[in-house]
Every structure is written in structure tokens, then in C-alpha cells.
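Line order of the protein sequences matches chains L and V.
Counting in the numbering used here, the first sequence tops out at residue 105, every number present.
Counting in the numbering used here, the second sequence tops out at residue 565, every number present.
Be aware that a few hints might be false.
[Claimed, not checked] In silico SDA-like links for lysine to any residue, alpha-carbon gap of 25 Å or less:
no.	chain 1	residue 1	chain 2	residue 2
1	L	K29	V	A277
2	V	K357	L	I11
3	V	K312	V	R257
4	V	K536	V	E498
5	V	K552	L	S12
6	V	K552	L	I11
7	L	K29	V	E498
Honestly, the hints are just simulated from the structure, not real lab data.
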Amino acid sequence: MNTPVRRFVRISEIERREIRVWIDGRLTKALEGDTLLVALLSNTGHLRHSEFSDGVRSGFCLMGACQDCWVRDEQGQRLRACSTPAHEGMRILTSAQEAEWANLA
Amino acid sequence: MGQPRIVIVGAGPAGVRAAQALVERGIRPVLVDESRRDGGQIYRRQPEGFRRPYTKLYGSEANKAEALHRSFELLRDRIDWHAETLAWNVESNRLHVVQAGQAQVLPFDALIVCSGATDRLMPVPGWDLAGCYSMGAAQISLKSQACSIGQRVVFMGSGPLLYLVASQYVAAGAQVEAVLDTSASSLRVRALPRLAARPAVLLNGLKLVASLRLAGVRLMTGIKPVEITGSPREGVTGIRVCDGRGREHLFKCDAVALGYHLRSEAQIADIAKCEFHFDAGSRQWLPRIDEDGRSSVRGIYLAGDGVRLAGADGAEASGRLAALACMADLNMSCSQPEVAELRAKLRTMERFRQGLLQAFPWPHQAAAELPDNTVVCRCEVVTAGELRTTVSELGASEINRAKALCRVGMGRCQGRYCGHAAAEIVAHAAKIPVEQVGRIRSQGPVKPFPISTIAAGGAK
Numbered sequence: 001m002n003t004p005v006r007r008f009v010r011i012s013e014i015e016r017r018e019i020r021v022w023i024d025g026r027l028t029k030a031l032e033g034d035t036l037l038v039a040l041l042s043n044t045g046h047l048r049h050s051e052f053s054d055g056v057r058s059g060f061c062l063m064g065a066c067q068d069c070w071v072r073d074e075q076g077q078r079l080r081a082c083s084t085p086a087h088e089g090m091r092i093l094t095s096a097q098e099a100e101w102a103n104l105a
Numbered sequence: 106m107g108q109p110r111i112v113i114v115g116a117g118p119a120g121v122r123a124a125q126a127l128v129e130r131g132i133r134p135v136l137v138d139e140s141r142r143d144g145g146q147i148y149r150r151q152p153e154g155f156r157r158p159y160t161k162l163y164g165s166e167a168n169k170a171e172a173l174h175r176s177f178e179l180l181r182d183r184i185d186w187h188a189e190t191l192a193w194n195v196e197s198n199r200l201h202v203v204q205a206g207q208a209q210v211l212p213f214d215a216l217i218v219c220s221g222a223t224d225r226l227m228p229v230p231g232w233d234l235a236g237c238y239s240m241g242a243a244q245i246s247l248k249s250q251a252c253s254i255g256q257r258v259v260f261m262g263s264g265p266l267l268y269l270v271a272s273q274y275v276a277a278g279a280q281v282e283a284v285l286d287t288s289a290s291s292l293r294v295r296a297l298p299r300l301a302a303r304p305a306v307l308l309n310g311l312k313l314v315a316s317l318r319l320a321g322v323r324l325m326t327g328i329k330p331v332e333i334t335g336s337p338r339e340g341v342t343g344i345r346v347c348d349g350r351g352r353e354h355l356f357k358c359d360a361v362a363l364g365y366h367l368r369s370e371a372q373i374a375d376i377a378k379c380e381f382h383f384d385a386g387s388r389q390w391l392p393r394i395d396e397d398g399r400s401s402v403r404g405i406y407l408a409g410d411g412v413r414l415a416g417a418d419g420a421e422a423s424g425r426l427a428a429l430a431c432m433a434d435l436n437m438s439c440s441q442p443e444v445a446e447l448r449a450k451l452r453t454m455e456r457f458r459q460g461l462l463q464a465f466p467w468p469h470q471a472a473a474e475l476p477d478n479t480v481v482c483r484c485e486v487v488t489a490g491e492l493r494t495t496v497s498e499l500g501a502s503e504i505n506r507a508k509a510l511c512r513v514g515m516g517r518c519q520g521r522y523c524g525h526a527a528a529e530i531v532a533h534a535a536k537i538p539v540e541q542v543g544r545i546r547s548q549g550p551v552k553p554f555p556i557s558t559i560a561a562g563g564a565k
């Protein structure tokens, strides 16, 4: 089965300005004031692939303590999604190369 | 002597009240916090542009949250405020921080550490699946981002947050499938005399449970977690538990909020070489402090949930008291009646804390019963079986030794989320009391950042 279309559900505060975020090359919509984690998880089911081959991950603590929500932008810059504000035009990759080479081992 | 240089770590209830006490006496402290805004986790502020009122965000604690935020705003021009600043190391009167990718050193005469707490976790098979979050995470997504962590959410664990966060979800209109508490309701009855130390808080808790019942949420107490079901690609699809009579129940859901009360974030105190002691009631190691918050290291003061889990009200009192102690040690006179009043307040908090421990105990026996293939370390996927083998075949009955040999607690969270359970597993496998297993030693940096930050930033 595939990863769910989205993980997080917006409950309120939906009258904010829309921003565009690209996830693995796909154009998605998020809202101004979203953390990067919320921008991603309201459009997809995961943030990254565990480098220890046990599947996809979607963050855990949301307070900058567990480091489970690291993603990369297309320049290769590592971002902690829960504490990074999302902004217009961000281009994010959820399958970073470091995960792939580790999984080849 | 010029102005004493006082640095405060953490802008939650303890840190803000400490800063306020110093400012009242004409001191301009430095206040650092990793977040963008003040408030800490408990009174975390929503981003600019969000419109929910205080009553909606903080419920019965709205007035306290607002008062703390207002106090901070009044202090803001009278302190050196460093937002988005990670305090990552400390050595002889110098605090090392990273702010916007730049390393800095903040020299101090006194350091007041108000580093707060994170969720305390007991593993369960499947807790590494996408869609399983800490209890605190579930609350943050709602409070700070107006999101539910899933379409259908199950709350499992024990402690006051279990009921608080579940009821906040219900009030916000999110779909709560069940609230599953590992603690038996009889324990809560027995804890009543101690919990009555703070009648208003107790009443509030009872109201939360009543509101969940009224909303028709399935509540179970005295359960044993069996597994979070799902698949590596899809994430969480359900949760399976046993009730008190050993019957199994399956709840379908796409998200689980998991947590067993809290653990102190005591890494800075540890790196500063503060003495720790084993708190038998909570089965966790905590920095040793005197009644007013002095650590065993001269010039280092500890307050709030980072040293003793007394909650937000306790944090406000202990933050202020630590600042008063700090000023007394700098030969500035303090109001003795106020000191006495704060101490009395904290004794009440301590009695209540003992009640919470009795009502919602850390289910340490569960560690012994975890199947061998259960992931204990989510970061590096170390299983309970691997950890037990490290004890039985390599003789590692001390947690740092076990960590070195099987990497439990060595991953990106640095043992925050597996450390307590790992110690319980080692203790059981080695047949020794958990305090003999010791505690994972903290090391700087307390959180990861690129090495280029200090290589280029001239941290020396």
C-alpha cells in the first residue's frame, strides 16, 4: 500500500495566505505561518526515509529534540522541518541521498 | 563590581520569571531560547497571523499564559534577548551558543538553567512507524499550527497530558478514537490525598476526563499496550492493547500520540558537572538542588521542569526563587518573606508531584516484557533483543557501556526518547536495580548542528 496522501489535518486558521512549496519536484500548496513540517505533512504522508531501512518517517517530537524530521532542500541544505518556517518557493526533497547509500549497505 | 553577568537558558515560565526578578533589581540578564518566541512549550505562542484567542489556545490556563507573555513583552527592552539560539555547551563560566548558524560564547558570573522537559517514552512495537508522535508533538501541532496529527487519533500512555491533549483535540473538533491509559483507576483514587494539595488543578483534571466521557470518547484504564499496527510505507493503521482482564482490543487509526508524562532536559546541568541523584519515585536521575535552586556547582542555578517536574505554576515559582537565590549569592538582599512564600508554594507543588507519580506511574515493568524485535532506539533502529544480548553476552550492565556496544542512545536524539526505557531493559536483563545501570552521560553539542558552524565561527 502507498503512503497516505496527507498526514496532518488542518482544524482551523485556514484563512492565511497560500504559499507554494515543491515536494520532490511536485507543486503543492501550504499556508503562510506553517512550519515546514506542517507544509509537507498536509500534502504528503512522510518527511524522509529512515537510513536504517525501516520505512518512512514523519517526525516525532515537533519541538526540536528528536531530529526525526530532517529534510533537504534542492541545494542539499539540511533543514529541521519542525522548527523551520515554510516560505514561498521552497523546494524540498524527502528522499535524501544519505538515506539511499545507507540502505544499499 | 560592575553589573553581574547573568545568563538564563530558556524563555518558558521559569526563565521569564527569573529574568523578571533580575530586572526588578536593575540587572540586565541575557536570555536565550531555541524557539522563535517566548513562552516555552507549555505557553508556546502561535505564529504571527494566527487568530485564535487565548481562551481557545490555553483553556483554563489562558490567564496565566497571557500574563507570562505580557511580562515578557515588558521585559523585552530590558534584557538581552537571543531567540532561535541553541545553548549547546558550557565550560567554566562560559556558555556556548549557536544563533543563526553563528557560534558565540557568552561569559557569565551566574547561569540560570530553565531547560524544560520533553516527553517520557516507553517503546511499543510499531512506535517507529510514521504517524506515531509524542504527546507533546500532538499538542504542539494543534496549539501552534491548528492541525491534528491525523484523521483519527488514539492517545496512549499515562499522565495528566494524556487527558489534557485528548480533550484539547475533542474541543478543537478533531477525531479522537480512544484514550488508553496504562495506569489503573484504583491508583488515582489512592493518590487523591496528595493530589488534593492543589484542589483547583485536581478539579480541572476531573473535568477534562468528564468532558471526554461526555463527548463519547472511548476511555480505558489499566491497559497493556500490545502494538501499533501498520506498514513501513503506509505508517500507522491501528493500535492493539489488552484490557485489565487480558482481552485484546484493536482501534483503527492513522495517528497515535504516545507519552508517559515527562523527563527533565538536564543536559546543560550535566555538562556543567552538576551532581545528580536518583529520584526513586519517578525512576529518573535529576540534578541535585537545594530548596532555592542552587546546583552543586557554584554559580549555576536550576529551575523549572528541567530539574523537577512541578509543571508550569511550579516553574514560575522556582524560576523566580532561583533568581532570588542567585542575587542573594551576589550579596544583593532579597525579601525574606517572599523567599519563604515561594518555598512554601514549591512544597505544595512537590506534594502534588508525588501524587501524580502515584496516580500515573512510569510503567517500568513494560520494558521487561517488550518482545525482542521491538525497536527501542528509533533513531538507529536498535531492538530490545540487541540490547539484551549486549547485557547477557557482553556483560554491559552500565548504560554508557551498553550504548557504546550496541549504539542505543547514540543516535540523533541522543537518547532523549529511548534512554529511560533502555536503562529499564538493561536493569531487568542484568537483574540489578535501575539506579545501578546509571544514566546516559550528556555531551556537547546537546543537539546536532553542522561542524562548519564552530569551525568557521571561532568559538574559542
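Checklist entry - If you draw a straight line from the CA of V:K552 to the CA of L:S12, is it 25 Å or shorter? => result With Cα atoms ~32 Å apart, V:K552 and L:S12 exceed 25 Å; violated.
Checklist entry - Is the Cα-Cα distance between V:K357 and L:I11 25 Å or less? => result With Cα atoms ~21 Å apart, V:K357 and L:I11 stay inside 25 Å; holds.
Checklist entry - Hey, V:K536 versus V:E498, does the alpha-carbon distance stay inside 25 Å? => result This hinted pair holds, its Cα atoms lying about 14 Å apart.
Checklist entry - Does V:R257 lie within 25 Å of V:K312 when you go C-alpha to C-alpha? => result Answer holds: V:K312 to V:R257 is near 23 Å, not above 25 Å.
Item to check | Proposed proximity, V:A277 with L:K29 (alpha carbon, max 25 Å) | outcome: Holds, at roughly 23 Å.
Checklist entry - Does V:K552 pair with L:I11 here, judged by a C-alpha cut-off of 25 Å? => result violated, 31 Å
Checklist entry - Is the hinted pair L:K29 and V:E498 satisfied, with a Cα-Cα distance of at most 25 Å? => result This hinted pair is violated, its Cα atoms lying about 53 Å apart.
The structure shown violates the earlier hints numbered 5, 6 and 7.
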